[in-house]
Amino acid sequence: DTGVSQDPRHKITKRGQNVTFRCDPISEHNRLYWYRQTLGQGPEFLTYFQNEAQLEKSRLLSDRFSAERPKGSFSTLEIQRTEQGDSAMYLCASSPSRGARGTDTQYFGPGTRLTVL
Amino acid sequence: AQSVTQPDIHITVSEGASLELRCNYSYGATPYLFWYVQSPGQGLQLLLKYFSGDTLVQGIKGFEAEFKRSQSSFNLRKPSVHWSDAAEYFCAVGVRTGTDKLIFGTGTRLQVFP
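In the order they appear, the protein sequences are chains A and B.
Mapping of the first sequence onto my numbering: position 97 corresponds to residue 97, and the numbering continues sequentially without gaps.
Take any residue in the second sequence, count from 1 to its spot, add 1000: that is its number in my numbering.
Because the hints were derived from the structure by calculation, they are not lab data.
Small disclaimer: the values here were computed from a predicted structure and weren't measured.
Treat the hints with caution; some may be incorrect.
Looking from chain A toward chain B, a few residues come up when the C-beta cut is under 8 Å (computed) [unchecked claim]:
id, residue
1, G42
2, F45
3, Y48
4, N51
5, L55
6, L60
7, F65
8, E68
9, G72
10, F74
11, A88
12, D104
13, T105
14, P110
Every residue gets a Cβ at the ideal spot worked out from N, C-alpha and C, and that includes glycine.
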């Protein structure tokens, strides 16, 4: 069990540029979550995947944000036309499928810290 | 609406002293409750969770938490703090719908003096 991995760990970009982050969940975890954490705040839910299906999106996820999970494996989060307000830590988490043991626990990756200049 | 309140933004304790971090939640049914710890620049590590059953739950690193339904609280405790416990601590409630997404509090930063 190698844990949840995220790439890159840090990203600095200029306002208006597009960025893409990747998350590799724990293998065999069907459920995948994205959260955003701004300075001095707790993580806030962005979106949820069960296998390849995106089943819930937060109102925080504006039209500039898109997430995918092709084939139910890794996931990507893309931000188009970045704004300074997008600067945050983007966290990915995974958990086993509902009904499986430990389904109530989410395991977090180290996060991607985005800085928009 | 579901919410989590952590009233203490910053707590400072001496090494070896006892610790209690407060957490209050708002949730319409029996909640899933979690405590996570985050070291600087790192992701979140699960300390412990309450799902059902015994209201006093034991976690890793010597932490424990007690679920009190009457007070809507899930306070985290440790009898003797170590310098390595300095970190940010987050309480969270799991929304028991199809997603089981987590609602986090704003966190409590723990500083430990030698």
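Hints and how they fare:
1. G42: holds, 3 Å
2. F45: With a minimum Cβ separation of about 4 Å from chain B (threshold 8 Å), the hint on A:F45 holds.
3. Y48: holds, 4 Å
4. N51: Given a least distance of 13 Å, the restraint on A:N51 is violated.
5. L55: Interface hint status for A:L55: holds (6 Å vs cutoff 8 Å).
6. L60: violated, 12 Å
7. F65: violated, 16 Å
8. E68: For A:E68, the interface hint is violated, since the closest Cβ of chain B sits about 17 Å away, which is over 8 Å.
9. G72: violated, 16 Å
10. F74: violated, 17 Å
11. A88: violated, 13 Å
12. D104: Where the cut-off is 8 Å and the nearest Cβ of chain B is about 5 Å from A:D104, the hint holds.
13. T105: Interface hint status for A:T105: holds (6 Å vs cutoff 8 Å).
14. P110: With Cβ-Cβ at 4 Å, under 8 Å, it holds.
Of the numbered hints given earlier, the model fails hints 4, 6, 7, 8, 9, 10, 11; all others are met.
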